Amino acid sequence: MIELTDNKLALEQLIQSTPARIGVGCSGTRPKTEIMLKLRMDHAMAVDSVYGDIPKAFFEEFHFPIVQTPCQSKEMYLKRPDLGRKLTSEGESFIREHCKKKPQVQIVISNGLSSKAIESNIRDVYPALLDSLESYGLSSGTTFYVQNGRVACMDVIGEILEPDVLVMLIGERPGLVSADSMSAYMCYKPRIGTIESNRNVISNIHRGGTQPIEAGAQIGAVLRAMLDQKTSGTRLVI
Amino acid sequence: MHETNEWITSLGIDLGTSTTKFIVSRLQISKVSSAFSLPSYKITKRLCTYKSQIYSTPLIDDETIDYTNIAKILEREYEEAGITLDDVHTGAVIITGETANKKNARIAVNQLAERAGDFVVATAGAELESLLAGKGSGAQDFSIQTPNQVVANIDIGGGTANTAFFLNGECIGTATLRIGGRLIRLNPAGFVKGMADSFKPWLEENGFLVKKGDQISFERIKQITDEMAKNLIGYLAQSSNDEHTQLLYIDPMPQSLPTVHTWMFSGGVGELMKNSERMTLEEGTRYGDIGPFLATSLNQLMKRSSFNVLSPKQTVRATVIGAGTQTTEISGSTVFIQNGNFPIRNVPVEKVHIQNEELQSDQLDHIFSETIKKGLSLHSMGLDPAFALYLSGIDYCSYEKLKKIVNILENIYSQYLPNQKNIVIICQNDMAKALGHALSIRLNGKVNCLICIDQINIQHGDYIDIGQPLPSSIIPIIVKTLVFTSDA
Chain A
12 MIELTDNKLA LEQLIQSTPA RIGVGCSGTR PKTEIMLKLR MDHAMAVDSV
62 YGDIPKAFFE EFHFPIVQTP CQSKEMYLKR PDLGRKLTSE GESFIREHCK
112 KKPQVQIVIS NGLSSKAIES NIRDVYPALL DSLESYGLSS GTTFYVQNGR
162 VACMDVIGEI LEPDVLVMLI GERPGLVSAD SMSAYMCYKP RIGTIESNRN
212 VISNIHRGGT QPIEAGAQIG AVLRAMLDQK TSGTRLVI
Chain B
9 MHETNEWITS LGIDLGTSTT KFIVSRLQIS KVSSAFSLPS YKITKRLCTY
59 KSQIYSTPLI DDETIDYTNI AKILEREYEE AGITLDDVHT GAVIITGETA
109 NKKNARIAVN QLAERAGDFV VATAGAELES LLAGKGSGAQ DFSIQTPNQV
159 VANIDIGGGT ANTAFFLNGE CIGTATLRIG GRLIRLNPAG FVKGMADSFK
209 PWLEENGFLV KKGDQISFER IKQITDEMAK NLIGYLAQSS NDEHTQLLYI
259 DPMPQSLPTV HTWMFSGGVG ELMKNSERMT LEEGTRYGDI GPFLATSLNQ
309 LMKRSSFNVL SPKQTVRATV IGAGTQTTEI SGSTVFIQNG NFPIRNVPVE
359 KVHIQNEELQ SDQLDHIFSE TIKKGLSLHS MGLDPAFALY LSGIDYCSYE
409 KLKKIVNILE NIYSQYLPNQ KNIVIICQND MAKALGHALS IRLNGKVNCL
459 ICIDQINIQH GDYIDIGQPL PSSIIPIIVK TLVFTSDA
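Protein chains in written order, with the working numbering: chain A, 12 to 249; chain B, 9 to 496.
No lab work stands behind these hints: they were computed from the structure.
What you are looking at is a predicted structure, and each value in this text was computed from that prediction instead of being measured.
Just to be clear, a hint being listed does not mean it is correct.
What the hints assert, rightly or not - With a straight-line cut-off of 25 Å between C-alpha atoms, the simulated SDA-like cross-links for lysine to any residue are:
| no. | chain 1 | residue 1 | chain 2 | residue 2 |
| --- | --- | --- | --- | --- |
| 1 | B | Lys50 | A | Thr245 |
| 2 | B | Lys50 | A | Leu25 |
| 3 | B | Lys50 | A | Gly219 |
| 4 | A | Lys200 | B | Ser45 |
| 5 | A | Lys241 | B | Lys411 |
| 6 | B | Lys409 | A | Ala232 |
| 7 | B | Lys50 | A | Pro138 |
| 8 | A | Lys241 | B | Lys39 |
| 9 | B | Lys381 | B | Asp370 |
| 10 | B | Lys411 | A | Pro138 |
| 11 | B | Lys39 | A | Ala236 |
| 12 | B | Lys409 | A | Ile65 |
| 13 | B | Lys411 | A | Arg235 |
| 14 | B | Lys39 | A | Glu207 |
As the list claims (entries may be wrong) - Quick list of simulated restraints, FRET-style, between CB atoms:
| no. | chain 1 | residue 1 | chain 2 | residue 2 | range |
| --- | --- | --- | --- | --- | --- |
| 15 | A | Pro30 | B | Lys208 | 55 to 65 Å |
| 16 | B | Asp149 | A | Met52 | 39 to 49 Å |
| 17 | B | Leu391 | A | Arg184 | 47 to 57 Å |
| 18 | B | Gln157 | A | Pro42 | 26 to 36 Å |
| 19 | A | Asp17 | B | Gly202 | 54 to 64 Å |
Cβ atoms here follow ideal geometry from the backbone N, Cα and C, with glycine treated the same way.
I would like the entire structure built from these sequences, with the hints used as guidance.
Right under this line is the structure:
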């Protein structure tokens with residue numbers, strides 16, 4: 012920590028108030044070696060979570076079918092956001108044939124910008140979400156996984172499966188504080204042409220942020236509110 | 009669209025040794041979370057909107073509180089304040105000082121609480137009293153403005169001196185001594201009209217041989233109050249603590265006290281300290297007791313010792329303002345409520361402290377059943393819920409851990425409390441909604457009412473009252489330490 016000061020307590024309170032790198036001190040005009048190394052390590056972890064893949068063991072545990080977007084590589088995924096919003100034609104026909112049509116709730120999982128987020132959080136969020144749906148008396152369709160998806164690929168999925176509500180659990184753009192943060196995007200009757208203000212989100216889901224099991228429980232409550240009010244996004248009253 | 013601010017009305021009633029006061033306050037509850045996170049609410053403002061006059065506490069005799077007359081005062085004050093019972097969401101009746109020792113204290117305070125509104129609770133206990141007075145007087149706020157310096161608020165009423173120590177806004181300790189303005193009652197000629205029994209041993213030990221009917225001189229009274237002030241401040245400033253002072257203890261006393269930087273005096277005697285000039289015997293006995301003498305003695309002592317004394321924002325009403333504005337908290341807003349019949353009052357809390365490594369072992373089952381067994385031995389069997397379980401110590405609750413806890417909860421409730429129809433679980437961590445869902449599925453309709461709330465800090469032995477959930481499922485909670493010095 013920075014060595015000073017006339018108001019050590021105020022500095023400590025500021026440091027307590029944020030996980031950001033403040034009050035770390037410097038040597039001349041540069042960061043200290045230890046701080047610099049930590050920064051580079053955190054950056055490397057962020058890069059890893061974008062470029063990394065979810066390990067096979069994960070799919071052996073959960074048996075989610077895997078569906079592709081036209082983004083064959085991470086490079087393509089990063090450069091062409093529009094392609095991340097579509098499914099391949101094989102993907103489309105797979106879900107048309109194998110997933111339950113017109114479910115009340117459709118759950119979709121995608122690595123998005125952080126495979127690590129899925130790997131770390133699904134184990135806690137998903138079963139808590141299923142409990143929550145059961146407890147509210149809601150039924151869900153066939154959960155599947157979209158490799159290299161963007162949030163709006165839920166519109167294509169909505170068009171094909173016609174769920175009443177859809178929740179997409181997707182890895183967030185990693186930061187230097189957390190590389191395994193996940194979001195839950197929710198929408199009432201997502202269809203092609205749905206605009207962003209019609210979606211709701213619970214973000215920052217990870218151990219150090221929004222508690223994963225509690226997020227799972229709350230997603231159920233938000234979905235139920237959408238079904239009750241037949242709307243979502245800014246019009247939804249929670 | 010969202011209504012992000014809600015206001016609730018909270019009452020405070022303080023039945024003190026010598027005086028009774030009443031206030032009305034408004035608490036603002038605001039959404040403090042962004043649209044992207046789980047909803048989260050906080051009490052953002054606590055405003056006192058009405059203050060009653062100061063009444064003499066109605067007593068039937070030395071031993072009995074005149075409940076009927078207090079109820080009458082209350083009725084009149086409701087009208088004066090322009091509120092009805094239906095307007096009141098929450099609040100607290102606190103019974104303080106010597107009044108808590110009266111024969112019918114427990115009955116009176118409970119009846120008053122029920123009469124005052126659906127969710128007004130009864131509280132008592134020296135620690136809580138000290139804390140509320142320190143919050144109400146403004147000492148807590150002052151300690152936030154003066155970082156790293158201990159502020160002591162001494163609330164001196166008729167029967168006790170309740171001290172709370174604050175550091176950076178946190179209460180770091182309390183201490184209560186049997187020092188008050190009404191421990192000896194006098195008429196204008198200096199005849200002793202009565203004394204608190206609990207104070208007699210101290211008087212005798214110090215060689216003040218006074219009894220009812222004696223006439224005592226101005227100088228003699230002053231000697232007594234000087235000695236009282238010396239004992240009180242000597243103890244709090246840790247400069248002296250002899251066996252005489254120990255006669256004034258109200259247990260339990262803290263092991264150690266912090267070094268005080270700023271002193272504040274609230275309560276009736278604190279008010280008198282604002283302008284204690286030279287006075288005659290008649291002026292000194294104008295309240296029929298030794299309050300003004302004690303105020304003078306304290307002022308002189310503080311001046312002589314060059315202590316840093318500050319006038320608090322509230323003096324005589326510090327405790328009642330604290331009780332009205334500071335007792336209500338709100339739970340985290342992702343909670344689970346199935347069929348509660350609110351308000352649920354006086355639920356004793358049994359704490360299950362789970363170490364992280366214990367979650368991996370078979371120990372867990374044992375910890376839960378021991379807690380349940382202890383709870384059953386302590387609390388009467390007729391109650392439903394018999395007690396609430398407070399889960400603390402879990403650092404991160406994964407779904408796997410949650411499942412384990414749910415299994416154990418189902419087992420122990422069906423084993424030890426098979427007929428229990430109401431289950432209340434309080435979690436320190438943000439996990440109540442997930443726990444509620446999982447547990448309700450497991451119990452599958454075996455209980456009528458299941459309530460899981462979280463993010464409340466509770467000490468072992470506390471009681472809680474759970475209020476009617478507001479829209480947006482915020483639940484007002486009052487955590488109270490219900491201690492009566494004599495169990496009548």
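So, going through the hints one by one against the coordinates:
1. At roughly 22 Å between alpha-carbon atoms, B/Lys50 and A/Thr245 fall within 25 Å of each other, so this suggested pair holds.
2. Distance restraint check for B/Lys50 and A/Leu25: the Cα-Cα separation of roughly 20 Å lies within the 25 Å cut-off, and the hinted pair is therefore satisfied.
3. A C-alpha spacing of about 21 Å is found between B/Lys50 and A/Gly219, which places the hinted pair at or below 25 Å, so the restraint holds.
4. Proximity of A/Lys200 to B/Ser45 is assessed by CA-CA distance (about 22 Å); at most 25 Å being required, the pair is judged to hold.
5. Proposed proximity of A/Lys241 and B/Lys411 is contradicted: the alpha carbons are some 33 Å apart, above 25 Å.
6. Distance hint between B/Lys409 and A/Ala232 is fulfilled; the C-alpha atoms sit about 22 Å from each other, no more than 25 Å.
7. Taken as a hint, the B/Lys50 and A/Pro138 pair is broken in the structure, with Cα atoms around 29 Å apart against an allowance of 25 Å.
8. With a C-alpha separation of about 24 Å, the suggested pairing of A/Lys241 with B/Lys39 holds against the 25 Å cut-off.
9. Straight-line distance between C-alpha atoms of B/Lys381 and B/Asp370 comes to about 18 Å, which keeps the hinted pair within the 25 Å bound.
10. Of the supplied pair hints, the one linking B/Lys411 and A/Pro138 holds, its CA atoms being roughly 10 Å apart against a limit of 25 Å.
11. Taken as a hint, the B/Lys39 and A/Ala236 pair is honoured in the structure, with Cα atoms around 18 Å apart against an allowance of 25 Å.
12. Under the criterion of a C-alpha separation no larger than 25 Å, the hint pairing B/Lys409 with A/Ile65 is consistent with the structure, at around 24 Å.
13. Between B/Lys411 and A/Arg235 the alpha-carbon distance is near 23 Å, which keeps this suggested pair within the 25 Å criterion.
14. As the CA atoms of B/Lys39 and A/Glu207 are separated by approximately 23 Å, the hinted pair is consistent with the 25 Å bound.
15. Roughly 60 Å separates the CB atoms of A/Pro30 and B/Lys208, a value that falls within the hinted 55 to 65 Å.
16. The given range of 39 to 49 Å is respected by B/Asp149 and A/Met52, whose C-beta atoms sit roughly 43 Å from each other.
17. Between B/Leu391 and A/Arg184 the beta carbon distance is about 52 Å. The supplied range of 47 to 57 Å therefore holds.
18. Between B/Gln157 and A/Pro42 the Cβ separation comes to about 35 Å, which falls inside the hinted range of 26 to 36 Å.
19. The beta-carbon spacing between A/Asp17 and B/Gly202, approximately 56 Å, falls within the hinted interval of 54 to 64 Å.
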